[in-house]
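Heads up: the sequence lines are chains A and B, in that order.
Taking the numbering used here, the leading residue of the first sequence gets 1, the next gets one more, and so forth.
Taking the numbering used here, the leading residue of the second sequence gets 1, the next gets one more, and so forth.
Warning: the hint list may mix true and false statements.
To be verified - If you want the footprint, here are the derived chain A segments under chain B, 3+ residues with CB under 8 Å:
(1) 29–42
(2) 79–88
(3) 184–190
(4) 324–336
Calculated from the structure, these hints are not laboratory results.
The beta carbon of each residue, even a glycine, is placed where N, CA and C say it ideally should be.
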Amino acid sequence: MSAAASTAGARGAVPRPALAGWAGIAVGVLAFLLALPPFTVRSPAPSFVLAVLAVGAGATALRGGERRLGIFAVVAGVGGAAGAYAATRSGVGNLETVVSWGALCAAMLRYATPLTFAALGGLVSERSGVVNIGLEGMMLMGAFFAALGADKTGSWLLGLLIGVLAGAALATVLAVFAVTLRADQIVTGMALNFVALGLTGYLYVDIYGEQGTPDDLPRVPDLTLHTDRLGFIGQALDQQNLLVWGSLLAVVVVWVLVFRTAGGLRLRSVGENPKAAETVGIDVLRTRYLAVIASGGLAALGGAFLSIGFVHSFTQNMTAGRGFIALAAVIFGRWRPFGALAATLLFGFASALAQRLPEFSPSAATLFQALPYVLTLIAVAGIIGRSRPPAADGVPYRREG
Amino acid sequence: MSVTAPPPEGPEDAGLDPAPGRGSTVATRLTTHVGVGGVVTPLLTTLLAFVVGGLVVLVTGHDPLSTYKAIFDGTGLNWLFPWTSGADRDTAAINLQQTLILTTPLILVGLAVAYAFRAGLFNIGGQGQYTVGAIIAVWVGSSFAGMPGALHIVLAVVLAALGGAAWAAIAGGLRATTGANEVITTIMLNYTALWIGVFLFGLGGPLQSDVQREVPVSNDIVQSAHLPVFWGDPELQGLHIGIFVALAAAVVFSVVLNRSTKGYEARAVGFNPDAARYGGISVGWTYVLVMGACGLFAGLAGAMDVLGWQFRVATNDVQVSQIGFLGIAVALLGRNTAIGTCLAALLFGALLQGTSVRNLDPSVFPPELAGNLTTIIQGLVVLIVSADVLVAWLVRVRLRRRADPDPPATSVAAT
Chain A
1 MSAAASTAGA RGAVPRPALA GWAGIAVGVL AFLLALPPFT VRSPAPSFVL AVLAVGAGAT
61 ALRGGERRLG IFAVVAGVGG AAGAYAATRS GVGNLETVVS WGALCAAMLR YATPLTFAAL
121 GGLVSERSGV VNIGLEGMML MGAFFAALGA DKTGSWLLGL LIGVLAGAAL ATVLAVFAVT
181 LRADQIVTGM ALNFVALGLT GYLYVDIYGE QGTPDDLPRV PDLTLHTDRL GFIGQALDQQ
241 NLLVWGSLLA VVVVWVLVFR TAGGLRLRSV GENPKAAETV GIDVLRTRYL AVIASGGLAA
301 LGGAFLSIGF VHSFTQNMTA GRGFIALAAV IFGRWRPFGA LAATLLFGFA SALAQRLPEF
361 SPSAATLFQA LPYVLTLIAV AGIIGRSRPP AADGVPYRRE G
Chain B
1 MSVTAPPPEG PEDAGLDPAP GRGSTVATRL TTHVGVGGVV TPLLTTLLAF VVGGLVVLVT
61 GHDPLSTYKA IFDGTGLNWL FPWTSGADRD TAAINLQQTL ILTTPLILVG LAVAYAFRAG
121 LFNIGGQGQY TVGAIIAVWV GSSFAGMPGA LHIVLAVVLA ALGGAAWAAI AGGLRATTGA
181 NEVITTIMLN YTALWIGVFL FGLGGPLQSD VQREVPVSND IVQSAHLPVF WGDPELQGLH
241 IGIFVALAAA VVFSVVLNRS TKGYEARAVG FNPDAARYGG ISVGWTYVLV MGACGLFAGL
301 AGAMDVLGWQ FRVATNDVQV SQIGFLGIAV ALLGRNTAIG TCLAALLFGA LLQGTSVRNL
361 DPSVFPPELA GNLTTIIQGL VVLIVSADVL VAWLVRVRLR RRADPDPPAT SVAAT
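Model the full assembly from the supplied sequences, consistent with the hints where possible.
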């Protein structure tokens, strides 16, 4: 979304309906924010006025032919009014417990990190033309072998390395089947998810049995920045795990590598038109191998963060579908690193909110757990027909001759 | 991501192959057979997967042959052997009933995934559609206590199937109207259904049990709404009639897909949406109908489990169920055909039953590890099945060296 806006802005002419749409979205969000701390306006009236404005702006955008932005603005207006009304009906104390921006943003980053790593992995692989449904299994390999490695070597760094290698090993199997043998990529990826689930579960039960992983598992350390007095952003960043920073760094690195280097151009050309790439001397199979293996390593980092960075233990199937959510984030972010980051942050924020809302209303607490998924559903539906995969994504390449 | 190209299509499409019987050497016939997704390849690959699985058992320091024997006996499939007699036969009968009880929902969810694949859609949402079906079945089945049994069952089953269909149609509708990728939307719908289920049956939830206020479980299905048991003792979880429902669904699947206009349109859209649109087919509407049909199958699966043997749903059931995941594997192993899906479901059901904790002799293989071994074998089966393309490819390369200028006209390599 922001990408579309910035490209339009770069051309110097934001069309008026689009402008109305964006304004509508902003005003709709503002309507909600007004009722929350630190503003905590206790009357819904100002929010309702803003919400009406947002819906009006949305309608203008719709009339001007901006369907996507128009719908978003209307949704933001209605949602903002509903949220603001709900907020003004609840006690100030409750509000301040739930909506403490520093803690919320800190939790958002923690929830987003495993997804970000895995989504970057999926992105690199799909940019080379290989759909990686096996992200889930690669995360799980990373989670288990990082825990095992950290336990056996007594060093979190070596654990991390072993986890990444395990994920890369599973990815190599995917590469052999999907690239060399030209097997169906979805079937292979799905199969590897099963293999990883069974293998990690088997080894976990065999090695750790009833007791589970030891309590003194070496952990990836936190970075303390002493920024907690610098507003809620400072609080959010003050005490974060090294891997949280690693994931943000990885987004930048992947963006530079894929979109700003010659190697990245080769990677993308292999994903868009492998035959043309081969014609100019690019080794398609080798590129795809490297991309898929890198993909496994990245996904495994996400898994390793779960086990030795976040939860500090391993349990069977602990990734619990996060690989698939990362897959969704790749598509949602339109195969771009910062788009994927936006998607994982949205998901992380919704997860963080869902985690805190039970304090607000315990009776319907569990229902809020569905919030991240519903929000993603709405957001994806909002991107009307705009997500286009790399042209050769999912298509095995056969060399001529 | 591109899932527009479905995995290799099944034997029903043999007629589409312009040269099915070309050549007479064994190799050529094998190529053709493999190319159209014949029966031999899945069998060979399954065998190969068991060999690899046996190696895994061997690596872990157990005897593969006796482990497989124990697993096989646990499935009850030895009931089919005439020389099984006496007490063994009774045990085998009970085990086989359990295997088929597990096979029933696997067939239905497998069909739900396969139907979508044939239309070029990837339905990861079998889990959510199953959950919605189970929720509706348990709600209807535990209410209306005075209703006649047969009517009650039909009502619960139909509403559950329609519920699953409606849930899946959300994904189809979003794909049709906004172009939202069904992979994302079905995943999100899965988790949404999961948490709705946990909310409904959780403590204080609207559908939580009226008698067990401290347990996160639904009310029990009223006795008259239980599916009839036709083999074995109803008190000992005999085989309910759901297996026939599943087999009938497989027949319907095949007939609709291959013999009806809607099925033709679904396959046309799966083959090439642009060409289908040019040919006058409403692609968007087809997406909605196809997903609806998928949800129908998966919702039915939920109803069969709830009315057939579970009789209640706990929040834990909703959370740990892997049926959607297994359904994808079953459909892929069955190459998205009706017969293939049924056989693959039987294999997976048998594996689940044979390695269940109460069935495996601890002296042969530790039962607590067996479930994970099953998962590994299931993965290997699917993995090696995906590589049957390799077999076709190897044979084909050899053929081409014998100066065969036109490549075989199968879609395998292109998928």
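Against the structure, the hints:
1. For the region 29–42 of chain A, the assignment as covered by chain B is violated, since 0 residues bring a beta-carbon within under 8 Å of that chain's beta-carbons and 3 are needed.
2. Only residues whose C-beta sits within less than 8 Å of a C-beta in chain B count toward coverage, and the region 79–88 of chain A has 0 of them, not enough to reach three; the restraint is violated.
3. With a threshold of 8 Å between beta carbons, the proposed coverage of the region 184–190 of chain A by chain B holds, since 5 of its residues qualify and at least three are required.
4. Check on the region 324–336 of chain A: 7 of its residues sit with their Cβ under 8 Å from a Cβ of chain B, so the three-residue criterion for coverage holds.
Hint compliance for this structure: hints 1, 2 are broken, all remaining hints hold.
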